[in-house]
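Chemist: Listed below, chain by chain, are the residues.
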Amino acid sequence: MSPSAPDLVELVDETMRGVFAQLDTWRTGIEAALAAEPRAAALDDAVAKLVLPVLADEDSLLVGAGFIADADVLGTRGVHFAWWLGPLEDNPVLGATTGPTRLDLSTRGYTEYLRDFRSLEWFRVPTTTFQAHVTGPYVDHLCTCDYILTFTSPVRLPGDGAVAGVVGADVAVKRLEREVLPALLRAERPTAIVGEYGRVIVSTAPGMPVASIVPDDAKRFECATAPFAVVPSP
Amino acid sequence: MFAQLSDAGRAQQVAQRLADGIALGVLAPGERLPSEPELARRFGVAVITVREGLGILREAGLLRTRRGRDGGSFVATDEDDGRHGLLNTRLHALSQVEIDDIGVYFAAIVTAAAERSADRAAPHDAPRLSAWLADAGFDDAASARTTQSGFFLELAVLSQSPRLVREQIRLQADLGPVLLLGLTSSDVRRDALAQNRRIVRAIAERCPAHARDAAAELVAMLTARVLAAKGRLEKGTGRDEPLSA
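Chains as they are written, first to last, in my numbering: chain V, 1 to 234; chain U, 1 to 245.
I should point out that these hints are in silico values taken from the structure, not numbers from a laboratory.
Predicted, not measured: the structure shown is a model, and the values here were computed from it.
Every residue, glycine too, gets a C-beta built ideally from N, C-alpha and C.
Among the clues, some could well be false.
[As the list claims (entries may be wrong)] Computed, partial: chain V to chain U, Cβ under 10 angstroms:
no., residue
1, Cys145
2, Arg199
3, Ser212
Assemble the whole structure, with the sequences as input and the hints as a guide.
Modeler: Take a look at the structure:
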């Protein structure tokens, strides 16, 4: 039987719930590690132990994950990235990797112009709203140089509950496509799954190509877990 | 800048990357470079290759080496000779027809990104880009180069195309300092900033054709400056002057 629009909403929500549940588990681990007032290196080890097994999985939905500490939380100068990338296919900027690698910002000299990473959506929104947030789909030129969604959730310091940073995970659009395209292709009508601003993430509708923005008046079936929606062709 | 290197001519590539970093202002005059083993690790090459690359830069007058406890390789300062040496050397090595062709390729990448951005940007993107541009430095050569590079990259990001982003990054790493040498001149900076603003306006108005035209004019202007600098260099005038003065 063809999946209905609400069926597709449930499929997307189920996938998103998996990512958010993963972030919650990691946040608990990171907050526990922060309670010991660790130095940066000790916290890096703790984060690596959490995220590396997931990233190393060949079929992982996640292409990057980690913790980004606000300036001064770990006594580091500026924001501190404890962030790892999953295996990357060959690409002209980053080269191919077969296992997880740590993000080394010194290899991203072209991001010099960004000045303050805290002003970027994936850091700014969760640390000011205290809510989990999904950024994208967007081209990420900091980590993967690919079209991705970034899930981030605030991490609080033990004691006063001040925001220490964000725990996050990146999902490549091309990987997410594998999760939802089979069902989308079986739907009665060509259909798009859209993210924030109605930007198309996965689509079987020629009139709504990936990365375009669907019209404001398109009929939407909203997802519960993220600002996503299922948009059938009119 | 420190992304791993893969091809032949590695010492030249090491020298090139560091020279680009110096020309872009990422490595400031007087700044001490990371140690040779550290550079080797970052570039993914042997220490001997790094040493050879540093030698090329020293020859070109872009680096000073000091011995002793506080020794190491330092970026040459304006008081040192030959700060423009390597850029001159690169410009000299490029033929006019190559520079013209680089301009064609550069224009293809930038105009496509600008056009697509105007088509695909979300409503909040243009105001955000506009605010960023208003705050970014454009008053001196180094900050204008950083901002202009960042602006081109942001355009590629707004186009939603990972391939355009990668091409832009690669282009900047390979040729950024040459392409943007015109920004040494305050007139060019003024005109470039005006074109950047035109592009942002076209994105806000969702007008791909205008965004494309403004981007094409900007790249044509920058390329013309590279050709003019090449001409001056070959005539033997202005060898000791900033390239686009």
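Chemist: To test your reading of the hints: which numbers does this structure violate?
Modeler: Of the numbered hints given earlier, the structure breaks none, since each of them holds.
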